[in-house]
Amino acid sequence: MDKTRYKEYKSIDLGQVGEEVLAFWLKNRIFERSVEEREGAETFTFYEGPPSANGTPGIHHVMARTVKDIFCRYKTMKGYQVKRKGGWDTHGLPVELQVEKELGITKDDIGTKISVADYNEKCRNAVMKYKDDWDRFTQEMGYWVDLDNPYITFERSYMESVWYLLKSFYQKGLLYKGYTIQPYSPAAGTGLSSHELNQPGCYRMVKDTSIVAQFQVERNERSEFLYKFDDQVPVYILAWTTTPWTLPANSALAVGSKIQYVLVRTFNQYTHEPVQLVLAKDLVSRYFTATENTIEDYQPGDKDIPYSLIQEFSGKDLIGIDYQQLMPYVPLDKPAFTVVPGDFVTTEEGTGIVHLSKTFGADDYRTCEQYGIPGVLVKDSEGKEVPIVDKKGRFVDEITDFAGMYVKNYQDEDESDPNYRSTDVLISIKLKEENKAFKVEKYEHSYPHCWRTDKPVLYYPLDSWFIKTTAFKDRLVELNQKINWKPASTGTGRFGNWLENLVDWNLSRSRFWGTPLPIWKTEDSKEERCIGSFQELKEAVEVSVAKGFMDNPLPEDFDLHRPYVDEVVLVSTNGERMFREPDLIDVWFDSGAMPYAQWHYPFQNEGTFETAFPADYIAEGVDQTRGWFFTLHAIAGMLFDSVAFKNVIAHGLVLDKNGNKMSKRLGNAVDPFDTMNSLGADATRWYMIGNANPWDNLKFDIAGVEEVKRRFFGTLQNTYAFFALYANIDGFQYQEDEAAPEHLKESDHWIISRLNSLIKDVDASFEEYEPTRAVRAIQDFVIDDLSNWYVRLNRKRFWDPASLETKASLDKVAAYQTLYKCLKVVAKLSASVAPFYADLLYRDLNTVSGRESHDSVHLSLFPEVEESNINLDLEAKMRLAQQISSLVHSLRKKHRIKVRQPLTKILIPILRESTKHQIQAVEELIKWEVNVKEIEYVDDTSGILVKKAKPNFRKLGQLYGPLMKELGQKIRNFHHDEIQVLEQGSQLEVHVGDQTVYLTEEDVEIVSEDIPGWSVANEGAITVALDITITEDLKQEGIARDVVNRVQNLRKEMGLNVQDKINIVIEKNNNLVNRALESNQEYICKETQALSLEIAEELTDGKLLEMDDIKLKVKIGV
RNA sequence: GGGCCUGUAGCUCAGGUGGUUAGAGCGCUACACUGAUAAUGUAGAGGUCCGUGGUUCGAGUCCACGCAGGCCCA
266 MDKTRYKEYK
276 SIDLGQVGEE
286 VLAFWLKNRI
296 FERSVEEREG
306 AETFTFYEGP
316 PSANGTPGIH
326 HVMARTVKDI
336 FCRYKTMKGY
346 QVKRKGGWDT
356 HGLPVELQVE
366 KELGITKDDI
376 GTKISVADYN
386 EKCRNAVMKY
396 KDDWDRFTQE
406 MGYWVDLDNP
416 YITFERSYME
426 SVWYLLKSFY
436 QKGLLYKGYT
446 IQPYSPAAGT
456 GLSSHELNQP
466 GCYRMVKDTS
476 IVAQFQVERN
486 ERSEFLYKFD
496 DQVPVYILAW
506 TTTPWTLPAN
516 SALAVGSKIQ
526 YVLVRTFNQY
536 THEPVQLVLA
546 KDLVSRYFTA
556 TENTIEDYQP
566 GDKDIPYSLI
576 QEFSGKDLIG
586 IDYQQLMPYV
596 PLDKPAFTVV
606 PGDFVTTEEG
616 TGIVHLSKTF
626 GADDYRTCEQ
636 YGIPGVLVKD
646 SEGKEVPIVD
656 KKGRFVDEIT
666 DFAGMYVKNY
676 QDEDESDPNY
686 RSTDVLISIK
696 LKEENKAFKV
706 EKYEHSYPHC
716 WRTDKPVLYY
726 PLDSWFIKTT
736 AFKDRLVELN
746 QKINWKPAST
756 GTGRFGNWLE
766 NLVDWNLSRS
776 RFWGTPLPIW
786 KTEDSKEERC
796 IGSFQELKEA
806 VEVSVAKGFM
816 DNPLPEDFDL
826 HRPYVDEVVL
836 VSTNGERMFR
846 EPDLIDVWFD
856 SGAMPYAQWH
866 YPFQNEGTFE
876 TAFPADYIAE
886 GVDQTRGWFF
896 TLHAIAGMLF
906 DSVAFKNVIA
916 HGLVLDKNGN
926 KMSKRLGNAV
936 DPFDTMNSLG
946 ADATRWYMIG
956 NANPWDNLKF
966 DIAGVEEVKR
976 RFFGTLQNTY
986 AFFALYANID
996 GFQYQEDEAA
1006 PEHLKESDHW
1016 IISRLNSLIK
1026 DVDASFEEYE
1036 PTRAVRAIQD
1046 FVIDDLSNWY
1056 VRLNRKRFWD
1066 PASLETKASL
1076 DKVAAYQTLY
1086 KCLKVVAKLS
1096 ASVAPFYADL
1106 LYRDLNTVSG
1116 RESHDSVHLS
1126 LFPEVEESNI
1136 NLDLEAKMRL
1146 AQQISSLVHS
1156 LRKKHRIKVR
1166 QPLTKILIPI
1176 LRESTKHQIQ
1186 AVEELIKWEV
1196 NVKEIEYVDD
1206 TSGILVKKAK
1216 PNFRKLGQLY
1226 GPLMKELGQK
1236 IRNFHHDEIQ
1246 VLEQGSQLEV
1256 HVGDQTVYLT
1266 EEDVEIVSED
1276 IPGWSVANEG
1286 AITVALDITI
1296 TEDLKQEGIA
1306 RDVVNRVQNL
1316 RKEMGLNVQD
1326 KINIVIEKNN
1336 NLVNRALESN
1346 QEYICKETQA
1356 LSLEIAEELT
1366 DGKLLEMDDI
1376 KLKVKIGV
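Numbering (this note's numbering) for the first sequence: 266 to 1383.
Source of the hints: derived by calculation from the structure; they are not laboratory data.
Bear in mind that the values here come from a model prediction, so they are computed numbers and not experimental data.
Only pairs whose alpha carbons sit at most 27 angstroms apart, straight line, appear in this in silico DSSO-like list of lysine-lysine:
hint: 1; residue 1: K372; residue 2: K656
hint: 2; residue 1: K581; residue 2: K704
hint: 3; residue 1: K1326; residue 2: K1368
hint: 4; residue 1: K911; residue 2: K738
hint: 5; residue 1: K1061; residue 2: K1192
hint: 6; residue 1: K1333; residue 2: K1380
hint: 7; residue 1: K1333; residue 2: K1351
hint: 8; residue 1: K1170; residue 2: K1061
hint: 9; residue 1: K738; residue 2: K581
hint: 10; residue 1: K791; residue 2: K649
hint: 11; residue 1: K704; residue 2: K493
hint: 12; residue 1: K1317; residue 2: K1376
hint: 13; residue 1: K1368; residue 2: K1163
hint: 14; residue 1: K644; residue 2: K656
hint: 15; residue 1: K432; residue 2: K350
hint: 16; residue 1: K1163; residue 2: K1198
hint: 17; residue 1: K1025; residue 2: K343
hint: 18; residue 1: K911; residue 2: K747
hint: 19; residue 1: K546; residue 2: K704
hint: 20; residue 1: K786; residue 2: K442
hint: 21; residue 1: K1010; residue 2: K1198
hint: 22; residue 1: K1181; residue 2: K1159
hint: 23; residue 1: K442; residue 2: K649
hint: 24; residue 1: K472; residue 2: K656
hint: 25; residue 1: K695; residue 2: K644
hint: 26; residue 1: K1212; residue 2: K1192
Ranges of calculated distance between the beta carbons of each label pair, as one might list FRET restraints:
hint: 27; residue 1: K396; residue 2: R976; range: 32 to 42 angstroms
hint: 28; residue 1: A811; residue 2: L462; range: 43 to 53 angstroms
hint: 29; residue 1: F494; residue 2: D567; range: 21 to 31 angstroms
hint: 30; residue 1: D567; residue 2: S646; range: 49 to 59 angstroms
hint: 31; residue 1: Y708; residue 2: P639; range: 27 to 37 angstroms
hint: 32; residue 1: F490; residue 2: S646; range: 43 to 53 angstroms
hint: 33; residue 1: N933; residue 2: A1005; range: 53 to 63 angstroms
hint: 34; residue 1: S380; residue 2: D789; range: 28 to 38 angstroms
hint: 35; residue 1: Y829; residue 2: N485; range: 55 to 65 angstroms
hint: 36; residue 1: Q1234; residue 2: T1296; range: 40 to 50 angstroms
hint: 37; residue 1: A288; residue 2: K396; range: 17 to 27 angstroms
hint: 38; residue 1: P847; residue 2: R686; range: 37 to 47 angstroms
hint: 39; residue 1: K396; residue 2: Q676; range: 48 to 58 angstroms
hint: 40; residue 1: K922; residue 2: I1209; range: 50 to 60 angstroms
Positions of the beta carbon are idealized from the N, C-alpha and C atoms, including for glycine.
Using the sequences plus the hints, can you model the full thing?
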C-alpha cells in the first residue's frame, strides 16, 4: 500500500466497505483494543438487554442495536472504558411453544409422551437455533458487543445468581405465596392457560341466570348526601352479575370515576317496598319505563312501577361509601364492603357498577389488592385459607344455605327437568325474598368452557408466588425520578404511572423450561426452605442422603433445571421430607437479574460487579417498559436500594413504509441482511437515527436509506475524492507546519468556525442522548457548509498550478489543511453512527499524514472544541453572503440571465454601518459566486432609499396588548419623517385610541424593501437590487466564458489530463465574437491550459459548437 | 375501557419560553452549471399546521373536548 498517496476510488460501494472494514477490525482486534486501551480509565457501563436466538434477526434489531452501539462507541471515544458483555435470553414460553409445535405435542404430553428431561433438552437446543445468524448479524451491522463471553440465562452460574437473589427476597420476607385468579376447570381439576382458553370452541353461548342485586348503603357522613331528599327510604346500590354464585364472596363494588350516576326513587318489584337506587345515568332507561303512575299513588302489586330521578352525581362521589354485606356468611374486616374506582367499569351493560369478588375474578382481584380489600376466605381442615368454593366446584360448609352445592352443573343434571334449579337460581330466589334482588332474568352470553371436559370454567384462585413489590412502591417511585428517561414521558407517564399502581409481582409459572423456584416445603406446608446457592443445595442433599431420603449426593455438574431439581428431597428440622414447590419463575426475573447474574455475583467477580453497577446506559423498545425496564428497576431498588440504570432510551417500533406492523406472515418484513449488503450498514444506521427520533416509531422506507447513501455518504465521499485527487497531484501529506492564521482566507476561518460549532453541537447532543440531533447536524454541515459552499467556493485554490514548495503556495497549503481537518473531524463525529465508512475515511486520511497514532477512528479520541476558533460574527457574515447570493441568483433567474454572463453591479440598501462592514468582509465571495463586478451600498444620502417600519410585536405586545392591532397598523404606515425621528434616537409620540404611546427605535424594525426603478428581491432584512444592463464589454466577456466552457468540455471529451497543454484554433465568426476572442485571449488561454489561441479564416476539420445563437467552429491541438 | 406516544406540503421530518411571509430534504416541473461529473445549483408549483371550542391584541405553539393511527395494559 502506497502510504504517500491518498487512496482514490472509482466509485464506492458501502456494502463492500462494510465487509472490508469488518475484516480489518477482526484482523487487528480493534474492538478488543478499544476496550483494552482504556484500561484504568473511568468506566461507562452498558447493559445488554439479551435477545432470544430462537428467531432470526429483523430490521428492527438494527434500530435497537444502533441506538445501543452509538453511545458505547461515543463514550469510548470520549476516553471511557466501555465493557459490554453480550447475552442471550433463553428461558420461557415462546421457546416452549416453538418446541411443542415442532414436536406436534401439547403441554399435557410433557411427562407422558416425552420426558421432562428430553423436552428441556429440546428447548435448550431450540433456543440457540439461530445463534449463528445472530452473530453474523451483529458483526455485519457493526454492533460492538462481547460475543465471546456472553451471559446465558440457562447456564448454571447464571441460575445460581438468580437463586441467590430469590433467597435475598425470601430472607427479607418479600417472597410469599398467595394466589392469583386463573381460569380453572373444576371438572378436570386443573388450571388452564390463556393459550388453552383460546382453543376454538372454548367460548360458547350459554343462558345463565343474571341478577341485579341491591346493596344497602351504610348511612354515615360519606353517604349522607344520598339521603338529602328522603331520609326515610333506604338507599341501595345496584350491581349486576351473570354469576350469582359469586355474590357470597362479594367484598367491594367498583364504579367508573368519570361515569355519571343518579339516585332513583322507586319500588322493588318483588317485595313492593319503597327503595332509593343508585345506578349509571345512561342505563336508567334500561330498567325503568315511563308510567302514569306516581310514587304517591303506587299500590303494592301495581304492574306499572313509578320512578323519579332524585339527584345526579359522578362516580367520584360514590368512592369510599360503605354498604352492608349482601350475603353475610363469612364476616370480613374493613375496608371490605366499600365502593372503589375501577378502570374496567363501563355503561355498556348492567348498572355501571360492578360487583367484585376478590377470589373469583381477575379484575376483581387486582382492584381489591390495589385498595387493600380482603377476599372472602375460610379456613380448611388444615387451617389453610381457601375460597368459599372448593376445588370440585362446591360451596364450603360455611355457606350454610348452599353448602355442598355445585356452583355450576358439574354433575350432568338434567337441565330440562322442570324441577331442576341451578344454584344461581336458588340464590336469586333467596335474594328476592330478602329485598336484595332488583331484577332477575335469563341472560345469554359467551362463556369459556374446558376443552377437555366441556364444562364451564371458573375463574378461581390458584396458588402463586409473589414478590412483594408493593412494600417498596414509594421507594421505587422515588428512585425512578433519578433516572434520565428518553423520552421523559415514558419515565413519568408510562413507567411512572405503572409504578404508582403497582401490584405484587407474580413470579410463578407452571411450565418446564425455566429457572425453578428454589423453595422446598414439607407436605403439611408447616416448614419451608429457600435455597440460595448450589453449595447450599449440595450440603442439604448430603443431609438427605444420610437420612436415606436420597440415594446419592449431588454431582458437581448437577443441572438446576427440571426434572433433576424436582428429584431433590430435603430434610426438615424435625426430620420430615421436603419437596420442591413445582413452579418456575417468570423469565423476566431472569433478565432483570442480569446485572448480577452476568458476573455470577456474589459467587465470583464481586469487584467487577461493583464497578459495573448500576448501568450508565441501557436502551430497549418501549414495549419493555413493564418487562425488562421494570424487572431491572425492581430488583435493584428492592435488594440494593439503587437504580439499575441512570440513562435509558426507550425506542419505538419499526413499521413498514405505510405505517403497518412488519410481519413475516404478511410479507412486509424487511430482511436486514439484504438491506445492509446492498446499501451498507452505515447508510441503514444513519437513516434510522437521522430520519426520526428513536423514540418515535420509524416508518422504514428503503428509499430513505438510498437517499441517505446518495446525499450524505455520496457527498462526503465526493468531497474526499476531490481532496484526494488534488492532494495527490500536489503531493500534499500534511507534513509542513500549520498554516499561519493570516494565510487563511476568510472562508477557511469560516469553515473552521463552523466545524468547531459542529463539534460542540454534536458532543452536547450525544451527551444528552439525542442522537438524531447529532446526525442531522453532521449531515447539514457536510452537505451545505462543506461541500456546497466551502469546496465550491474554493475549488480554484486547489487547481492553482503553484507547486507546494514555492512561497505562492501558502494559500494552497492553507486550503488543503483546512479541508483535511474538516474531513478528519467529520470522520470522528460520524464514527459512532457510521462506524465502517468513518473508519475508512479516517484511515485513508491518517495513513498518509500520520498525524495521529491510532490504527482506527474507534481507537482515537473525540475531537475537542477550540472555542477560540468559533467566530459567530464570521458565521453571520457568511450567512449574509449566502443570502445575498441566493437573492441575486433568483433575480438573474427572473431576468433569464445566466450566471456565466457577467454583470456590472448589485445594489444593497444599508440601514446600519455594521451591516455594511459585515457584507464588505465577504464581498469577494459574493462577487465570485454571482459573477458581478461591483457591490454598491446605498444609504440614506443616496436619496433613493424607501424605508418602512415594522412593529416589534414581541416587545410591544407585552406593553400594549389590546392596542396592538391599531398600533401595528400605524407603525406600518409611518413615513420617512417619522422613521427618521426614531433613527435619530428620539421618542416618537403616537396616539392609539385614547392613549398616547411613546416609541423608540427598539420598538420597531426598519427595513428597506424597495428601490424604485430597480429589480429587487428580499429575504428577511436583506434587500438586493441587480443592474441588468449588459454592455458590449460584458457581452464579450460572457462569450469568452462560454468559449472556455465549451473548450473544457472538448478537452474532457478528448480524454485530456488536467495538466495537458493545448492549442486552440477558432474559425472567424461575426464581429462581436471575434472581438470577444481577441480581447479575452489571455483569459481563455489561462483557463483552458492553452498555449495559443488562433483565429483562422476558415477551418475545415473543426468541431461545431453551439452557444445560444452563436455557432462556432473550433479545433483543439495537443 | 385506562395510560403513553404520534398527527405540519404527495412522502419523511424541523418548527426553545405564543409575535404576523410556517421551513428542509425527497418527489414533481422548468432552467442553469459542468476539470468534484453516474456529481451539483437555482427557481416554481404544492399547506384547512387532524377537527371543534376556549384563553389572548395575537395560537402550528397554551387549555378543554373530540377524531384517526400506534404501543402497552385490561
